[in-house]
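In numbering that gives the first Met the number 0, the protein residues as written are 0 to 332.
A hint or two may mislead.
[Claimed, not checked] Listed below are the simulated EDC-like cross-link pairs for lysine to aspartate or glutamate, each with C-alpha atoms no more than 20 Å apart in a straight line:
hint: 1; residue 1: Lys287; residue 2: Asp223
hint: 2; residue 1: Lys86; residue 2: Asp122
hint: 3; residue 1: Lys180; residue 2: Asp166
Derived by calculation from the structure, the hints in this document are not laboratory data.
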Amino acid sequence: MVSKRLVAGATALAIATWGTIVAGSLAMSQAGATEYPVWDQVAQCESGGNWSINTGNGHYGGVQFSLSTWAAFGGREYAYYPHHASKEQQIAIARRTLAVQGPGAWPTCSVKAGLTKENGGADRDAQPEGDGGSTPAPAPSDELTVNGDLDRPTIIAMQKWVGTTPDGIWGPATTRALQAKVGASVTGYRDRQTTVRVQTVVGATPDGVWGPKTTSALQRFLLDGAGGSEPAPAPAPAPEPAPEPAPSGGLEVNGILDRATTIAMQKWVGTTPDGIWGPATTRALQAKVGVSVDGVRGPETNRGVQRTVGATADGIWGPATTRALQTYLNNLG
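Between the sequences and the hints, there should be enough to build the whole structure, so can you do that?
This is how it looks when you write it as structure tokens:
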């Protein structure tokens, strides 16, 4: 006969063992769900926690990747644009970036969130949580839709229409082909006269400002078979008034933050005048106008520039601020 003492001991051992298994399983589940919670704090600082955001500032997704950084660390295995990838995929690319560039890749928000290589899971080969990255996300669709977003499907469709390589990358060759197609001056720069001609062809308001409405009109135009037949360029518009003269700088005061304006500004702030506005240009500009130097062009930087060039200091950089900057740069000479 088995003693009550032995039965009680065995029962207690079984309960203790089962409790250990359940607790261990729960801990593993929770760890998997919140392995690197610091990224939620970084995203809250960078984008308000919106992993699908695209504000048009050249940075995308929860932790605000530039397209160059996203591509450099393998993001395009998941999606062409960062904000089209899942949160887990964005965090995987953020961990790869962190391993190489350190927390300084997010100069302001890494400090606010307390990001380190350790708590951010820095790993050059990081994969998305959940499936271990064994199954890549589906390739981004090349189906054109009317969404007002100048995305890869839209660029590819436009490239096919204008007769250039449909690679989804809008560079000078694509701009030249588009300009020739719509009857604009072929300069290789997407300037106001090009935008006006595109808007005229696709049926948008020809105001020279390319925004979501112009993109939506272009998308509808392309979906409708690009106007049916091969359109001949429309007659050239009447000459526009001469741009405001530049005493010595030679910039057209058009409110467009184009390559010429960027180069002139880079010369003013003392950085490489390559016409590409990146973090180095932003830092030099911030130092020039006396604001915090963090490489991120936010409201504080915008207000500093606006105060310097004589624009309304509302922290929003629009065409009025650009025109004031262009006038200011022209008057420096």
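Exercise. Okay, which hints does this one fail, numbers in order?
Worked result: Result: hint 1 breaks, nothing else.
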